[in-house]
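Novice: Spelled out, the chains give:
There are 6 protein chains.
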Amino acid sequence: MASVEMIEEEAATGKVKEIYDNIKESIGIDFVPNMYKVMARNPAYLEASWNKIQAVMGRTGKLDDLTKAIIALTVSTMNGCAYCITVYTGAVRKYGLDDDGLTEVAAVIDVFNGLNKFNTGLDVEMDEQPWFG
Amino acid sequence: MASVEMIEEEAATGKVKEIYDNIKESIGIDFVPNMYKVMARNPAYLEASWNKIQAVMGRTGKLDDLTKAIIALTVSTMNGCAYCITVYTGAVRKYGLDDDGLTEVAAVIDVFNGLNKFNTGLDVEMDEQPWFG
Amino acid sequence: MASVEMIEEEAATGKVKEIYDNIKESIGIDFVPNMYKVMARNPAYLEASWNKIQAVMGRTGKLDDLTKAIIALTVSTMNGCAYCITVYTGAVRKYGLDDDGLTEVAAVIDVFNGLNKFNTGLDVEMDEQPWFG
Amino acid sequence: MASVEMIEEEAATGKVKEIYDNIKESIGIDFVPNMYKVMARNPAYLEASWNKIQAVMGRTGKLDDLTKAIIALTVSTMNGCAYCITVYTGAVRKYGLDDDGLTEVAAVIDVFNGLNKFNTGLDVEMDEQPWFG
Amino acid sequence: MASVEMIEEEAATGKVKEIYDNIKESIGIDFVPNMYKVMARNPAYLEASWNKIQAVMGRTGKLDDLTKAIIALTVSTMNGCAYCITVYTGAVRKYGLDDDGLTEVAAVIDVFNGLNKFNTGLDVEMDEQPWFG
Amino acid sequence: MASVEMIEEEAATGKVKEIYDNIKESIGIDFVPNMYKVMARNPAYLEASWNKIQAVMGRTGKLDDLTKAIIALTVSTMNGCAYCITVYTGAVRKYGLDDDGLTEVAAVIDVFNGLNKFNTGLDVEMDEQPWFG
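Residue numbers (my numbering), protein chains in the order written: chain A, 2 to 134; chain B, 2 to 134; chain C, 2 to 134; chain D, 2 to 134; chain E, 2 to 134; chain F, 2 to 134.
So here's chain A without its partners, still in its complex pose (with noise of 0.2 Å):
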């Protein structure tokens, strides 16, 4: 359970019904995630953040679904988050990466990871000339 009680299914009406619809058809799922039973209990915050997942994540942008999802792994794992990460290693799988991709993106993060903490360590000053062009 999580520290507050979640609006069940069954109990929401009007906006947050809607709002619990959409996710579901959005997802492609026919259950609510805790997350947004939760975020529930404020409608109108619920609102808020389903559009701006929607604007951020729904859009024709420069970047596709995988690459999205691997962002939002990648942040997940930099931040601890148990939950986030089952949900959006779910998430890269469903996209396309297998456990060698998903091995993959862990490497890299341990690669960049490791060099930041030993750039900001040693104070080590910013470059003259860009690395890349």
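It should be emphasised that the hints constitute simulated quantities derived from the structure, not laboratory data.
Some hints could be false.
Which copy? The list can't say, so a pair holds if one copy fits it or any two copies do.
Derived DSS-like pairs: lysine-lysine, alpha-carbon spacing no greater than 27 Å straight-line [to be verified]: (1) Lys63 - Lys16; (2) Lys95 - Lys63; (3) Lys16 - Lys95; (4) Lys18 - Lys63; (5) Lys95 - Lys25.
Fit chains B, C, D, E and F to the supplied structure of chain A, relying on the hints for placement.
Specialist: Leaving out everything else, chains B, C, D, E and F in the frame of chain A:
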């Protein structure tokens, strides 16, 4: 200046000089980035780090160069490493994203970084079924 | 300058111009902050972000403006985001805290940030009874 | 069990026993939380920690108990410390927030944690004028 | 189980088998830890990672084994990585710290993790003179 | 300048002045660092913080001064606190590490910070047996 004295190119000999040449050729630049000039204080570490970077970034795997650069930028953003953000922003541009694409990467990070902490803070429980098949 | 070109006020039209006006009026300033001018590269994202900010900060909930600004400052401190610390330090002052109050916020962060890692590092187990009824 | 053996109440003597009694009385519970039973391995550290907690949380300053508990919960959320999130969620409830209030705290954290990384990732420059007076 | 299928010892051949043997001998155990069995999905990455670990942990430098294990535990504590905290707590014990020593490590982390955020949150300016000569 | 006005040495009286003198003598410098001059806005907090620092850093425990300074530097690196990195880099040098030693600390942080996130991202499960006896 970094916290420690760097090994400048003129002072590099043997294994370190060889790796310096390799780095410049691989990235396609005519200078050795400060990060590597600091690492060079410890030649065994420089060599192992460079080999690991090559193994992860250079091999033919499931992820293309742009995706790997986006992961590197996402990790650097999460760590708040200014040096690294600058370098990997350049890499992301080199591999094809423009200002709109960079803004989209940051927007995806924004969304999931926010949601991660919502789930962590309210201890949202794993859903009984997966979101993605 | 940010990593990407901002949409200056003079160049804003349609939906973006409307949101810019809304932002200036809501905060009570006569310029558009850089954060929003960067977001404006992606109008759908700008709109959804601004709506979410309004839904969370502007509605009549359980938390007053000062408490919300203190949370924003605490989050920014944890992330080490200099831009954000500056902005929300200003917000906290506007809503009533002086130098002593700001120092007190930082002192509370100090105490619990320290204890958090003590508990994590030694894997302290949940107490069988709650601390607070 | 924690990684190290705790000093149980029965085994506490002298200064440690005195602080244990003080902790129970101050919080208003009839057991010593595990965090303090681990700290007690090092009595000087336990004493200094407890005194600092008292100095910051117990004194009459600018912030009321609820606000301090909200800061503690926000810090714990940012750190992803499960033990601490549980404890300070309880504290926030004790000082007056219900499920809706807790959801609101998490919503504010969501918004600013997201924006923080947007600003960091795109290196958004400080505005020339302050947002707030 | 990890998110991806591990390469079990029975299934390891060639380079992977060789590294598995090397790992077991170096650590002095008769099983291959899960971390390496996941890495083994990508043999080039496994090899480069193991070589880097050896270069940093195995060579004769300025830091002894205990100090390196303490750094590993501190980093793991900061990241809140449960798997890693367990492993490096074991390493720190192996190299000589007992329960009191582990508590002391956690106490030092507590103090400086707290002070770090105090300085960041209030934007404390660098001192004109160094603290330490 | 910090976000809040500091209590300069000339303005310090009573308890604050006494602690200022104690700080200067303990560190062996003839100025009060900015961190403490900010803390001094809240004398009870300054006193409790200084006492806790003394209890953890000054007592005769299992860890020597260099090891404690290395932990402080590691924590500061993980937090990306520039002020703190500068101070504790100085401390580490004072207690005996030179440029090569500092590079070695950063190399160990690099390795384990990378591995931590690999394990977190792929949800690597605890090994059935301990790595270290």
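Novice: For each hint, tell me whether it holds in the structure or not.
Specialist: Verification of the supplied hints:
| no. | hint | verdict |
| --- | --- | --- |
| 1 | Lys63 - Lys16 | between (31 Å within a copy, 21 Å between copies) |
| 2 | Lys95 - Lys63 | both (19 Å within a copy, 15 Å between copies) |
| 3 | Lys16 - Lys95 | neither (29 Å within a copy, 31 Å between copies) |
| 4 | Lys18 - Lys63 | between (32 Å within a copy, 23 Å between copies) |
| 5 | Lys95 - Lys25 | within (16 Å within a copy, 36 Å between copies) |
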